[in-house]
Amino acid sequence: NHPVLGSYGLFATKNLRPGTHLLDYISLVVPDEHADPDSDHTLYLSNDLNLDASAHGNHGRFVNDFRGIRTQAQGPNVGWDLYRDVETGQVRMGCKVLKFIRRGEEIVCTYGKAYWKSRGI
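Mapping the sequence shown onto UniProt numbering, position 115 (from 1) lands on 115, and the numbers just tick up by one.
Just so you know, these hints were derived from the structure itself, not from any lab. Cβ atoms here follow ideal geometry from the backbone N, Cα and C, with glycine treated the same way. Some hints could be false.
Listed next, the in silico BS3-like pairs over lysine-lysine satisfying Cα-Cα at most 25 Å (straight line) [what the hints assert, rightly or not]:
| # | residue 1 | residue 2 |
| --- | --- | --- |
| 1 | LYS14 | LYS117 |
| 2 | LYS99 | LYS113 |
| 3 | LYS113 | LYS96 |
| 4 | LYS14 | LYS96 |
Pairwise CB distance ranges, derived in the manner of DEER restraints [claimed, not checked]:
| # | residue 1 | residue 2 | range |
| --- | --- | --- | --- |
| 5 | PHE11 | ASP32 | 26 to 34 Å |
| 6 | GLY104 | ALA73 | 37 to 45 Å |
| 7 | SER46 | PRO18 | 35 to 43 Å |
| 8 | ASN47 | ARG103 | 21 to 29 Å |
| 9 | ASP36 | GLY9 | 35 to 43 Å |
| 10 | ASN58 | GLY19 | 18 to 26 Å |
| 11 | PHE11 | TRP116 | 18 to 26 Å |
| 12 | GLU33 | HIS56 | 25 to 33 Å |
| 13 | ASP32 | THR71 | 19 to 27 Å |
| 14 | LEU28 | TYR83 | 14 to 22 Å |
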């Protein structure tokens with residue numbers, strides 16, 4: 001069984017090509033000392049900052065890990081990419097398509113080894 005069985009997921013409503021910026025991860029910026037280590041909606045931002053979408057966020061928090069959904073060889077079809085918005089100068093965490101995604105296919109990333117290790121998996 002997948003660890004998030006019964007949870008939400010994010011699915012493509014149209015075909016998506018590699019390199020496409022899908023969305024930004026909208027959340028609260030939380031310093032390490034206030035981060036919830038058990039949160040399933042936290043992305044590491046820097047040495048002492050995290051993005052936590054547990055209470056405030058968008059569709060980005062529904063992107064599941066690829067394990068149990070795609071094979072290891074297939075891997076994730078999206079990745080998270082820190083970038084600076086050229087219009088506003090803001091630093092953002094974007095979700096970028098890595099591999100072609102067909103309409104109806106689940107959008108999945110890798111949560112990373114640290115995530116699974118912290119959960120004893």
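Verification of the supplied hints:
1. LYS14 / LYS117: 34 Å, violated
2. LYS99 / LYS113: Given pair LYS99, LYS113 holds - Cα atoms ~21 Å apart, limit 25 Å.
3. LYS113 / LYS96: Roughly 20 Å between the alpha carbons, so the hint for LYS113 and LYS96 holds.
4. LYS14 / LYS96: 15 Å, holds
5. PHE11 / ASP32: 26 to 34 Å: 33 Å, holds
6. GLY104 / ALA73: 37 to 45 Å: 21 Å, violated
7. SER46 / PRO18: 35 to 43 Å: Taking Cβ atoms as reference, SER46 and PRO18 lie about 27 Å apart, which means the hint is violated.
8. ASN47 / ARG103: 21 to 29 Å: 39 Å, violated
9. ASP36 / GLY9: 35 to 43 Å: For ASP36 and GLY9 the Cβ distance comes to about 22 Å; the hint is violated.
10. ASN58 / GLY19: 18 to 26 Å: 21 Å, holds
11. PHE11 / TRP116: 18 to 26 Å: At 23 Å between Cβs, range holds.
12. GLU33 / HIS56: 25 to 33 Å: 19 Å, violated
13. ASP32 / THR71: 19 to 27 Å: 34 Å, violated
14. LEU28 / TYR83: 14 to 22 Å: Because 19 Å falls inside the window, the suggested range holds.
In terms of the numbered hints stated before, the structure departs from hints 1, 6, 7, 8, 9, 12 and 13, listed from lowest to highest.
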